[in-house]
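Mind docking chain B on chain A? Use the hints.
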Amino acid sequence: MLRKIFRRRHSGVAGLVLLVCLSVTFAPFLMGQTAGIGTLTGRVIDASGNAVANAIVTATSVDNGQTRSATTATDGAYKFDGLPPGNYRLKFEASGFKTLEIPSVTVSGTETAVLDEKLDAPEPTTKPTPAQQDNLPNAPSSSTTAPSLSDLGLSPEQTQGNPQEQALLDKRTHMLKIHQRMGLITTIPLIATVVTSLNAGGKNTSTTSRDLHTALGGLTGDLYFITAYYAIRAPRVPGTETRGPIRFHKVMAWIHGPGMIATPILGIMAFDQKNKGERVHGIAQAHGPVAIVTAGAFGAALLSVSVKF
Amino acid sequence: MNKKILIAFLLVTLPSFAGADGQWILQESTLTYHVSHPLHQSEGVSHAAKGKGVCHAGQCEFLIAVPVKSFDSGDSNRDLHMLQVTRGAEFPIVTVRTRLPESAAASATINTDLEVQFAGQTAQYKQVPFKLETRGGETHLTGTIPATLADFKIDPPSLLTMPVKNEIPVRVDMTWRPQ
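Chains A and B are the protein sequences, given in the same order.
Oh and the first sequence: position 83 is 83 in our numbering, straight run, nothing missing.
Take the position in the second sequence, starting the count at 1, then add 1000; the result is the number in our numbering.
Chain A with its partners taken away, still in its complex shape:
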């Protein structure tokens, strides 16, 4: 009878572990999946109908704040491929034109959204006139004697913007923000798992405590790997050397990462041995120490970016 109960419990735990593993494996893919991929395209012209080249078109998702940028070609055309369906705020910026903002454009996953826009000449400047400027003796002026960026030896390459790099930075920040939030959320079940471990092991024979500990551990692992996914998949910025507390944060990841894989495996072994009425033995004894080192490294990683050393 006892063996039957154990077997039933064992299959329940195995199911839970399987569920955790499946959700850990597939969660990132499910998160990346969308109902369809949309395209937004259009042409930017001036008041005379001429194409405006090199205008920067920025599409910001109203739903999640994610930003993409594109630059218009010589014919004024721009295109955003692979946009997740939703509402986007569009901004059109071009040198010598008034910035235009469109509050909402809907992109569907089935049809290409087309948005042609006309840019107007800038409004009369609110800068003080030369006569007014005389009243402000040291106000900056736009006189012809004023030095320019080229006078400072800055080349156009140094002064021109790079929308692609900005889009890369935007994506990186967006993913790392999710990484941070998920990391904070993960801390809650992690602490709860550590706390419930006090009643789950040792001479305690209560299966309820062990089940609770296992369930919390599974949830922690699930959330942890989602957290890790957003850090690992965040785009790297070429030519950036890692400096400062983030180095320690990354070193800690090499400890808590493998630890988060080893801890549940050892935990399953320990759980199995306890359920058979045995004392935890062999490599399964390492479950507790490995879990403590893992949780410690996770906490240190969190603190390293929170507190300035």
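Don't read these hints as lab results, they were simulated from the structure.
The beta carbon of each residue, even a glycine, is placed where N, CA and C say it ideally should be.
Every clue listed holds true.
Some chain B residues near chain A, calculated using beta-carbon distances under 7 Å: (1) K1050; (2) K1052; (3) H1056; (4) A1065; (5) D1075; (6) S1076.
What follows is chain B alone, placed relative to chain A:
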């Protein structure tokens, strides 16, 4: 022969008269922004500013430019985050323009109006005080620009879901040399 000598004399002397208005060159600089976060304070420093002042009719027009990327806070992650929120890849240069009377170089303090272009926005700061010290032909200038994130429509960057304060004062320490 005399005509040739006269032309040669004019060619030599005219450019020096044309340049008589004078120029100032930024010799060295330290620009430091200060950011306050509920968990800690941080600073980013740049020594990469370039500057020039062109004087004409007793007034000098100054332009200072500094790459956004050049600010170093000692933490590459924070620098990349700052670069992102300030749209530093799209608008890679911060420029500061001001106009001062030539006689200002002799003052111990000046109050000047600044026009700062940053993150695709332009902000005006009126009567910003600076201390001046002239030594060995060079003028050393120190002061703080009372910049805020809102001035440039920058969303405050956040760490662990807590945003930084709106104020990002920029300490200026520059040495100018007349040319």
